[in-house]
Each structure stands twice: as C-alpha cells, then as structure tokens.
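Keeping their order, the protein sequence lines are chains A and B. Everything in the first sequence is counted per the working numbering, starting at 236 for the first residue and increasing by one. Everything in the second sequence is counted per the working numbering, starting at 1135 for the first residue and increasing by one.
There may be inaccurate statements among the hints.
Under the rule of at most 27 Å between Cα atoms (straight-line distance), these lysine-lysine pairs were calculated in the DSS-like manner [as the list claims (entries may be wrong)]:
id, chain 1, residue 1, chain 2, residue 2
1, B, Lys1154, A, Lys679
2, B, Lys1265, B, Lys1287
3, B, Lys1301, A, Lys679
4, A, Lys664, B, Lys1207
5, B, Lys1272, B, Lys1287
6, A, Lys679, B, Lys1207
7, B, Lys1207, B, Lys1265
8, A, Lys638, A, Lys616
9, B, Lys1287, B, Lys1301
10, B, Lys1244, A, Lys679
11, A, Lys679, A, Lys308
12, A, Lys693, B, Lys1287
13, A, Lys266, A, Lys313
14, A, Lys638, B, Lys1301
15, A, Lys664, B, Lys1146
16, A, Lys308, B, Lys1201
17, A, Lys693, B, Lys1301
18, A, Lys679, B, Lys1146
19, B, Lys1287, A, Lys664
Rather than coming from a laboratory, the hints here were simulated on the basis of the structure.
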Amino acid sequence: MSSNTDTIRELAEQDYKWGFVTDVNEDRAPKGLNEDIVRLISTKKNEPEFMLRWRLKAYRHWESLEKAQAEPKWANIKYPAIDYQNIAYYSAPKRKPNLENLDQMDPEIRRTYEKLGIPLEEQKLLAGVAVDAVFDSVSVATTFKEKLGELGIIFCSFSEAVLKHPDLVKRYLGSVVPYTDNFFATLNAAVFSDGSFVYVPKGVRCPMELSTYFRINAAETGQFERTLIVADEGAYVSYLEGCTAPIRDENQLHAAVVELVALDDAQIKYSTVQNWYPGDKNGKGGIYNFVTKRGKCLGRNSKISWTQVETGSAITWKYPSCILQGENSVGEFYSVALTNNYQQADTGTKMIHIGNNTRSTIVSKGISAGHGQNTYRGQVKILKDARGARNYTQCDSLLIGDKCGAHTFPYIEVKNSTARMEHEASTSKIGEDQLFYLRQRGLKAEDAVSMIVNGFCKRVFRELPMEFAVEAQKLLSVSLEGSVG
Amino acid sequence: MSSLEIRNLHVKVSDHEILKGIDLTMNAGEVHSIMGPNGSGKSTLAQVLARRETYDVTRGEVAFEGKDLLAMKPEDAACEGVFLAFQYPVEIPGISTAYFLRSALNAIRKYRGQEEMDAIDFLPLMREKLKLLDMDEKLMNRSVNEAFSGGEKKRNEILQMAVLQPKLAILDETDSGLDIDALRIVAQGVNAMRAPDRAILVVTHYQRLLNYIVPDRVHVLVDGRIVRSGGPELALQLEETGYTTETGARRATPA
C-alpha cells in the first residue's frame, strides 16, 4: 500500500516541464485599468471606431459590476481577492512582427515554440496543421493562410479580422457571449488583446485542423484572448487550442472568451488541451483560468462539439456550452479535468435546448489527486417550446489518494414534457487490486496508474483529433493504446 | 540451485497470523500443488510470493533463483519471472486486452534489456497463444476482463502466462468457476508450458484439476502450515477422506 501512495505522490509531484521564460523585449501598458488603458489598447491595434465603442461600453459595464462586487462567487473554488489595478492589460513583443514567413520570426520566440513542440516547422505544415500562435497578446505567425484563402476560409488573428473583415466581426462579435454576459467576459470585452478569427464559407469543409497555441510569457500580465469562429451553411471546421505558461510565483489571470456560431448544417469541433502552469506543490503561483466559451447552433441540423483536456492552471473556471437554437441541432461536451497538488477546477457545461428535436451529450471525467479539488457543474435546460429534446449525461470521478475531492453539481431544468433525459454518474478510487494486477504483470507502479487513468479517460480521448490525442495522453504520462487485431 | 526456496515463512494480515512457518522447495521443471481447505492460507501464500504489499511478512525467507524475493517489488518479481494467475482477475476499463498484454510483455523485455515488441510483431505471437487456449481474437479488443465470463477470465490468465513465459508460475484456484470443457483447455494450456526451466505451483481446493495437470509433489496446507507432502497419489487420497483427517493429523503432530 505504502508504495502505491508513493507512486501517486511522485506522479503528483512531477515538475512542470514547460516553465521556461523567454527573454523578449516587450511593449507593455502600465498596470491598472481605466478608460485610457482601453483606448490605448485600441489605438495600439489601430482599431476602427466601432471596436473602441464596444470596448468602452464593456469597460463601463465592468466598472459598475466591480463596484457592485459582482465577480462570480458561486463556484466551488477559493482564491484571494484579485487586484485588477495591479495587472498589466497589454503586453506585446516589441519587434512588431509582420512576417512574410517563419524564418523572420524572433529566434527567441522560435526557440520557445520549439521547446513547446509547437508544429510550426515545415514538416508539420505538411502534416496539415495551420497554426496561429498567440504569444502573450499578439499573433506572431499565421501559417497556411494562402492555401485556406483559396477556399475562401479566413483564418487570422482577431486584430487582423477587425481591420480586414469588419463586417463579419461586427455581425457576430458578442452574438453568443454578449459583453454583459458575466464579470470576466465583460472584462475581456474591454481589454482583449488578440485571439483567433475563423470564417468558413458556405459548403466548405476545412481540409486541415486549425490550431492556436497560447502562451503567457510576461510576468504580471493577464492574457485576454478572444476567439470567434463562424461556420456558414454546410461548412465544417475542426479547431485545436493548446495552452502553456512559464513558472511564476505570482498568480496570473487568464480571462478568455470563445464564441462559436454554426449556421444551417454546419459543424464546428473545438478541442482544447490546457496545460497552463498549475502552481507549485504548495499551491503557490499558477494561472487563474476564468474562461467563457460558448457556441450557438443557430441553424438547422448544425452541430457544435467541445472536447477539453484540462490538466493545468491553479484554478479552472470554465463551462464550454451550447445554445441549441436550430431544429435538430446537436451539442456535445467531452471533458477530462485533472487536478493535483492544490489545483482547483470547477468546470462543466451548459446545454440550452431551444429548437425542436435538439440533442446533447455530456461526458465528463474528473480525476483528483494530491489535494486537488475537482467539481463538475452542468446545466441542461429544455425550454418550453423545445419538443423532442434529448440529453445524455455521464459524469465520472476518479480519486487518487485520500486528500483530494470530487464534487458534482448537475442542474436539470425541463419545461417540455416530451424531453428525454438520462443522467449517469459514478465515483471510484484507483483500486489497490487494479494496481497490484498490473504491477504483477511487470508494469511499474506509475505506469500502472497511468494506464488506469488512460482507460478511464478513453471515451473522451477518442473525440480528440489524433494530433491532440497523443499530446493529451503524454500530458497524463500515459502510453497510447495499440491497435492490434 | 532450486527455483523456489521458502524457509519458515510467517505472514500476518492486520495482526492475524495466516501463515505460521511454511517450508517449501521447488526445482525448475517441477509442478507442485498446494491443497487445503478454505481459509488455510493458500491464496495468502500465492499472493505473498507475487509480492502483494498488503501482507506483512513477520519471519522467514524466500529465495527465487537464489535472489531475495521478499525484497522485490511486485513489478520486479514479475520481471524476474514470477507470474500469478489470479483467482479473481481484475477489470481495467478502457484498456484493451491486447494492449495490456503487449505492455506487460514489453515491460518485462525492457527490464531484461531486450528490445520492445511493436504491435505488428506482437500480433502473430498473440494469435499463436490464443489458438493454444481456444480463445476468440475478438476478446483481445475488449477492455481487460470487462464483460468476460468467468471461464474467459481464467483462460485470459493462462493466455497471459503463455505470452509472458514466466520461470515460476503460480496458479491460484484457476479451476474455480470452470466447466469441464474449459477446465480441460486450461489444463492443456498449462501442460504445454511445462518445461525444464519452469516451475509451476498449482494452488487448488479440489483434486479434479490435478487429473489434468498431474503434479510431481502435493502439499497439504492446513491452518497456515504444511501438514503433509507426497506424490500425486496424495491428492486422490484427500479426495476420498477430505481435509478433516488432515486437521486431526496436524493436531497429533508436534508443531
């Protein structure tokens, strides 16, 4: 038994491997938040008037929320009060990158990406991944743009979209997550620095996975990206998002917003592997990941699928959700959330059924180790006029050791009697008998734990694109399942 | 050098003494059977030899091929060549049996400084062993022991033994839950693995398995002690008289 505990401890104590700091000159705004800062950000980005007005509306709203102390407190997480005046809201690498090709990229940044294993290299491009990398706040390289351009697909930084495609931005920005949505989303609307923008035109199937890497580099900065993805009628796109951050003693705030819009018969698949710095063994430092992600199935037969593997961050507060407005639309949420040491996660989803015959699937796998606290919070809401709605929810927790916790808060609200709802939930511990069985076959204790965890998460990993599935499994220090027979 | 040498082994589980001084010597190439009534300590002995850590060894020594077995972790004992066919095989949801088998084989190969086997090289090996145990290849795509029948689980244990080729195989009540056809197939599988460099210890409650796997030596375990040892005829004798007389015999024997 003792040696099982040791293994668990060793696993839980593995060092953060992505904790290097890149030495790049940055251009950063003074700390603090006021209208001038919002204007500064907008000016830095040469934004048109409509964007500045939207930011200012958001800022004023946020100011009133802050006065009313409306920062959400309902989540099952604990953290000291955030001093929003002690954060720098804009930081960009100084040599403003306006690159023709990857060779022109700042070599320091380039090396950072290489350490991260970001697929910017030519061979990776051949593998069919287009990357839009967000380094702190400005997109430094966007690849494959031309090839996508031939199909009419727009894949660029948010800043660029604001300048080059203002009509699309105006039409969809805030249409899923309005600037009044919640405290952190409002903050983001005021100060967001950059992010990604994707538009896939009618009937086009995006031929490659689109990918963004986020990384927080500068100390005491927040990262506020904003991503907007629109799939027009009959379009399909799969989008991958990965995140890492260097080790810092102080906590860093990450308040992002992602909006997805799927029109008639369109499909969006959004996958995240989140590996922000989780803090040290004693819970010092780490990212506060307070993110609002929501998709709107606006059109008939549309589908939005969220898959997330959350292994990092000191605190995760995140509920990728679907508004199922179009008839026959489908929403999916597949999640693995791992907390160890003193990490806290309060994550889940909302499925709002508005249209007839809308369907949703929720599969959540929470793993708690060390002193980690893992909460699933989900809401399934069937509105009065949504006939024939269906939901299936499966919510499993796995405990490793005896100092961690798993919590489940499912909210189910049904206003139409034709709805069909299923909810399954389980909580289990990694059994001594399972560990002994695997070790008796020659597997090291830590490999045995990995194998059990990997098996537990399989249903979710299956939903990840190959490229990411491998990384996700590596992150849980797990080996891949072979395909024998 | 003998394969397994147990000297005066005492084992406790939560302050309750289960094994009270076991002595046993097995040579490579031999098949021994441990028989005894429920609660006599048979499974405890099997699990201690496989290095399960929930047992507390209070006295005694166990040498496996001259090495101190009691100093080994379960995975090291396994890599050295100790295999336990479990009485109650454990389910590992989400992990395919084929992947599990290959991972186990590769862990052992790695320990021995051999090259790991990829899925393509592994497939023919697995198929050959499946045939030996008359098992359907489809089982290999299922999660380990999940939704396996009792018989399939036991066959799966022997399949693992056939793939891993241990030097000491301990079969813990492998016959329980098997119908007569399955029993014959499992026994065939075990017999096919009898080899000059392998010792096999068959732990069983009933004699019937020993009709198919004929042991070189039979030991009777009662209340934590080996009370009698003999040839294969001892098993038959026990079948007739039961263990009660053995209990009486033990009382008559000075401890």
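Going down the list of hints, with the structure as the test:
Only pairs whose Cα atoms come within 27 Å are accepted, and Lys1154 of chain B paired with Lys679 of chain A is rejected, the gap being roughly 31 Å. With a C-alpha separation of about 16 Å, the suggested pairing of Lys1265 of chain B with Lys1287 of chain B holds against the 27 Å cut-off. The hinted pair formed by Lys1301 of chain B and Lys679 of chain A meets the criterion: a straight-line CA distance of about 20 Å does not exceed 27 Å. For the hint pairing Lys664 of chain A with Lys1207 of chain B, the CA-to-CA distance comes to about 22 Å; that is within 27 Å, so the pair holds.
Proposed proximity of Lys1272 of chain B and Lys1287 of chain B is supported: the alpha carbons are some 14 Å apart, at most 27 Å. Proximity of Lys679 of chain A to Lys1207 of chain B is assessed by CA-CA distance (about 9 Å); at most 27 Å being required, the pair is judged to hold. Of the pairs offered as hints, the one joining Lys1207 of chain B and Lys1265 of chain B is violated, with about 32 Å between alpha carbons and a cut-off of 27 Å exceeded. For the hint linking Lys638 of chain A to Lys616 of chain A, the alpha-carbon distance of about 34 Å lies beyond 27 Å, and the restraint is violated.
The suggested pairing of Lys1287 of chain B with Lys1301 of chain B holds, with an alpha-carbon distance near 22 Å, which does not exceed 27 Å. Distance hint between Lys1244 of chain B and Lys679 of chain A is fulfilled; the C-alpha atoms sit about 11 Å from each other, no more than 27 Å. For the suggested pair Lys679 of chain A and Lys308 of chain A, the alpha carbons sit about 42 Å apart, so the restraint of at most 27 Å is broken. In summary, the hint linking Lys693 of chain A to Lys1287 of chain B is supported, as the alpha carbons are separated by about 22 Å, within the 27 Å threshold.
For the proposed pair Lys266 of chain A and Lys313 of chain A, the alpha carbon gap of about 24 Å is at most 27 Å, so the pair holds. A hinted pair counts as satisfied when its Cα atoms are at most 27 Å apart, and Lys638 of chain A with Lys1301 of chain B does not qualify at roughly 40 Å. Restraint check: the Cα-Cα separation between Lys664 of chain A and Lys1146 of chain B comes to about 25 Å, which is no more than 27 Å; the hinted pair holds. Taken as a hint, the Lys308 of chain A and Lys1201 of chain B pair is broken in the structure, with Cα atoms around 60 Å apart against an allowance of 27 Å.
With a C-alpha separation of about 34 Å, the suggested pair Lys693 of chain A and Lys1301 of chain B falls outside the 27 Å cut-off, and the hint is violated. As the CA atoms of Lys679 of chain A and Lys1146 of chain B are separated by approximately 26 Å, the hinted pair is consistent with the 27 Å bound. The hinted pair formed by Lys1287 of chain B and Lys664 of chain A meets the criterion: a straight-line CA distance of about 23 Å does not exceed 27 Å.
Hint compliance for this structure: hints 1, 7, 8, 11, 14, 16 and 17 are not met, and every other hint is.
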